[in-house]
Amino acid sequence: MTATTEWRDTRPPTSDPHRIGRGAGGGGGDRVTGHGAGGPADKRTVVGFGFWIFLLSDIVMFSAIFATYAVIEGATDGGPTARQLFDIDNAWVETVCLLFSSFTCGLATIAAERRSAVWTQVFLLATGLLGAVFLALELREFIDLIGRGAGPQRSAFLSGFFTLVGCHGLHVTAGLLWLGTMMAQVWTRGFKPNIARRLMCFSLFWHALDIIWVALFTIVYLFGVR
Amino acid sequence: MSDRDHQREDDRTPGSHQASVLVQVATYTLGLVLALGLTAISFWAVRTHMLWGPGVPIGLCVLAIAQMGIHLVFFLHITSGPDNTNNLLALAFGVLIVFLVVAGSLWIMSNLNANMMPMPAMMSPQAQP
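Protein chains in written order, with our numbering: chain G, 1 to 226; chain X, 1 to 129.
Just to be clear, a hint being listed does not mean it is correct.
Only pairs whose alpha carbons sit at most 20 Å apart, straight line, appear in this in silico SDA-like list of lysine to any residue [said to hold, decoys possible]:
hint	chain 1	residue 1	chain 2	residue 2
1	G	LYS43	X	THR85
2	G	LYS43	G	ILE59
3	G	LYS43	X	ASN115
4	G	LYS192	G	VAL47
5	G	LYS43	X	HIS17
6	G	LYS43	X	GLY104
7	G	LYS192	X	GLY15
8	G	LYS43	X	ALA90
9	G	LYS43	X	VAL101
10	G	LYS43	G	ASN194
11	G	LYS192	X	ASP83
12	G	LYS43	X	MET116
13	G	LYS192	G	TRP178
14	G	LYS43	X	SER105
Simulated from the structure, these hints should not be mistaken for lab results.
Note that the structure is predicted; figures quoted are calculated from it, not measured.
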């Protein structure tokens, strides 16, 4: 087996600059990434891509819940409507919390790539605290709604609301548990390759949650109170 | 392992971004500022009375899609480069399915509602349009 660089195709790009299915390293043949002697891509790439597929399928699952909510939003059964129930200021604070936690999560990724344990922990902690504030605000809103007789059993609209927002909240809760686990693993085992891959997957997960929240606050809260 | 990661010119995973610390932090900061700005505009648009009412929902959709794009580019580092082809193709497929599920559901259900019997003809007074 020769060195990696010897079999890389250095010809100028042809009409297919993206080289779909032929690996980033070169033209065709059996020696490029993912084919024959070229072997599979390195583990970090494979793990990251697999997790990206998971996130996309999670987003597809959310799309079904979004579609359900959009269909039954008007079915209030004579009960309270979105305009009467939702507090847009609360949604604004939640949005800002989640957005900043996504930002600090990105900073934690940068620190982890530089193998700086202290800064990784600091930014992961900030991410976790902002996520916890988000979750507390959401729980407070749920308790307030149920206390006002607008629980999930009141109407189809409220069932859809609690399913959609609650499912996102469950994802954030799972993310917080994962985050705590990652902080403990970085603390005890340092930046071993498998720990670094888990940290990468966690940051992808956290950013994806923020993307879902953008659709959620627009469709549920902004369309609701308008 | 990590040496090998940097030597090979493989495909890139979402979220990986090879640049200096300053450039990376600047990328995230720019993404944060843009996302905050778009969010602020959407929240302002539903409160204000300066805008033409019927146009606001379309504006909100555009702002939300733009903000998701900002997240994908600045936080997840999805690019149109050759090393991102797999990520982009998977994303395109996901977007297609999401669009089919959401738009298809809304279309079918609004069609059913439009063709439903008038309210008084229905037995149950609980039925909602």
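We went through each hint and held it up to the structure:
no. : hint                : in the structure
1   : G:LYS43 / X:THR85   : holds, 18 Å
2   : G:LYS43 / G:ILE59   : violated, 24 Å
3   : G:LYS43 / X:ASN115  : violated, 54 Å
4   : G:LYS192 / G:VAL47  : holds, 15 Å
5   : G:LYS43 / X:HIS17   : holds, 17 Å
6   : G:LYS43 / X:GLY104  : violated, 38 Å
7   : G:LYS192 / X:GLY15  : holds, 19 Å
8   : G:LYS43 / X:ALA90   : holds, 19 Å
9   : G:LYS43 / X:VAL101  : violated, 33 Å
10  : G:LYS43 / G:ASN194  : holds, 9 Å
11  : G:LYS192 / X:ASP83  : violated, 25 Å
12  : G:LYS43 / X:MET116  : violated, 55 Å
13  : G:LYS192 / G:TRP178 : holds, 17 Å
14  : G:LYS43 / X:SER105  : violated, 39 Å
The earlier numbered hints that this structure contradicts are 2, 3, 6, 9, 11, 12 and 14.
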